[in-house]
Amino acid sequence: MRNFLSQKVIDIKPSGIRKFFDIVSEMKDAISLGVGEPDFDTPWHIRDEGIYAFERGKTFYTSNAGLKELRSEISNYLKREQELQYNPDDEILVTVGGSEAIDIGLRAVINPGDEVIIPQPSYVSYEPCAVLADAKPVIINLKSENEFRLTPEELLNAITNKTKVLILPYPNNPTGAIMEKEDLEKIAKIVVEKDILVMSDEIYSALTYKGKHISIASLPGMKERTILINGFSKAYAMTGWRLGYACAPKDIIKQMTKIHQFAIMCAPTTSQYAAVEALKNGDDDVKMMCQAYNQRRRYLLNEFRQMGLDCFEPYGAFYVFPCIKEFGMTSEEFATRFLKEEKVAVVPGTAFGSCGEGFIRISYAYSLDNLKLAIGRLKNFVNRLRKNV
Numbered sequence: 001m002r003n004f005l006s007q008k009v010i011d012i013k014p015s016g017i018r019k020f021f022d023i024v025s026e027m028k029d030a031i032s033l034g035v036g037e038p039d040f041d042t043p044w045h046i047r048d049e050g051i052y053a054f055e056r057g058k059t060f061y062t063s064n065a066g067l068k069e070l071r072s073e074i075s076n077y078l079k080r081e082q083e084l085q086y087n088p089d090d091e092i093l094v095t096v097g098g099s100e101a102i103d104i105g106l107r108a109v110i111n112p113g114d115e116v117i118i119p120q121p122s123y124v125s126y127e128p129c130a131v132l133a134d135a136k137p138v139i140i141n142l143k144s145e146n147e148f149r150l151t152p153e154e155l156l157n158a159i160t161n162k163t164k165v166l167i168l169p170y171p172n173n174p175t176g177a178i179m180e181k182e183d184l185e186k187i188a189k190i191v192v193e194k195d196i197l198v199m200s201d202e203i204y205s206a207l208t209y210k211g212k213h214i215s216i217a218s219l220p221g222m223k224e225r226t227i228l229i230n231g232f233s234k235a236y237a238m239t240g241w242r243l244g245y246a247c248a249p250k251d252i253i254k255q256m257t258k259i260h261q262f263a264i265m266c267a268p269t270t271s272q273y274a275a276v277e278a279l280k281n282g283d284d285d286v287k288m289m290c291q292a293y294n295q296r297r298r299y300l301l302n303e304f305r306q307m308g309l310d311c312f313e314p315y316g317a318f319y320v321f322p323c324i325k326e327f328g329m330t331s332e333e334f335a336t337r338f339l340k341e342e343k344v345a346v347v348p349g350t351a352f353g354s355c356g357e358g359f360i361r362i363s364y365a366y367s368l369d370n371l372k373l374a375i376g377r378l379k380n381f382v383n384r385l386r387k388n389v
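Going by the working numbering, the residue at position 260 of the sequence shown is 260; the numbering climbs one at a time, nothing skipped.
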């Protein structure tokens, strides 16, 4: 019998994040700092709205693009947060998480052979989604000495006459890096001059610790050439509700909706009603969670300094990306030994691109008690390694 599998799919490597998560789930007394999932429960008033939707029998399909009320609230949210105006009727699409928006956004704009620029380290889905859309991924290896920001020089060196899309992954997973307004203005100037499209993944936009997040779509000339992606998983602790959205020019949203229509139909109805409540009345919840994450962030950075572990200061998301090059082992080896010897799961930096070698990702979307216990074990591990160097 012939091989019925797609070679393109076979060649895609599985996510490097889940490997350690699967091991730690079966290990007694283990601590996982590997998955980027808030430890907070979805706020009660948001859950109540989901429950109420069930009780009212709101269990039918919504329109393909999502509830009109939700699209209107997304529009209101972006107007008050970023001074961006999107038409709820034809410039906003509600998706099954931000991940679906990335996938169908690329498929809606890519022709075979188009190039997609992907700065790394970054979220594991970008490169596979580009490949599945028949694009050629062009990787920019970001540098720790630049605080993992994308520089104009790096972007210019990556652009060719086949470049169509730049993925802009800030605030960044896994590094926690951000791009400030002056950084984005330099990138926007090149994007306009070279006539390319930006896919701006802003899923962590509400979780920043140095001023307010600025969307590149809010800069002059950029709204019409940006697919803005966001969602509810991180800011509102709604990972399992599986809800995101994309905002873009109506011609792009029309094609994205077509793919969404045939593959998904619509995002979960109950989740959409809950999300309306989140956007209307969830600002205080986000502020509270953000303050808690910031406390954990400062704690980890202080502990790293005390143990002499090099780590640049991240100002977004809920990750730190410490350097482990001094120990003379790969990121995979470090993470594997740390898990086996101290029962703490972290993610090798290489899960997010080859330039993540020499780093590990630690998520602080976990309680301070768990972080303190894990850091105690990290100190033991690091001290033992240094004695043997």
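No lab work stands behind these hints, which were simulated from the structure alone. Everything numeric in this text was worked out from a predicted model, so none of it was measured. Incorrect hints may appear among the rest.
Here are the simulated EDC-like pairs of lysine to aspartate or glutamate, each with C-alpha atoms no more than 20 Å apart in a straight line [to be verified]:
hint, residue 1, residue 2
1, Lys194, Asp183
2, Lys143, Asp195
3, Lys325, Glu147
4, Lys164, Glu153
5, Lys189, Glu153
6, Lys343, Asp283
7, Lys136, Glu303
8, Lys254, Asp11
9, Lys143, Glu313
10, Lys212, Glu153
Hints, one by one, checked against the model:
At roughly 17 Å between alpha-carbon atoms, Lys194 and Asp183 fall within 20 Å of each other, so this suggested pair holds. For the hint pairing Lys143 with Asp195, the CA-to-CA distance comes to about 26 Å; that exceeds 20 Å, so the pair is violated. Taking the CA atoms of Lys325 and Glu147, the gap is near 17 Å; set against the 20 Å cutoff, the hint holds. At most 20 Å may separate the alpha-carbon atoms for a hinted pair to count; Lys164 and Glu153 meet this at roughly 18 Å.
At roughly 12 Å between alpha-carbon atoms, Lys189 and Glu153 fall within 20 Å of each other, so this suggested pair holds. Among the hinted pairs, Lys343 with Asp283 is inconsistent with the structure: their alpha-carbon atoms are about 36 Å apart, more than 20 Å. A hinted pair counts as satisfied when its Cα atoms are at most 20 Å apart, and Lys136 with Glu303 does not qualify at roughly 41 Å. Between Lys254 and Asp11 the alpha-carbon distance is near 31 Å, which puts this suggested pair outside the 20 Å criterion.
At roughly 14 Å between alpha-carbon atoms, Lys143 and Glu313 fall within 20 Å of each other, so this suggested pair holds. A hinted pair counts as satisfied when its Cα atoms are at most 20 Å apart, and Lys212 with Glu153 does not qualify at roughly 25 Å.
Hints 2, 6, 7, 8, 10, counting from the list given before, are not met by this structure.
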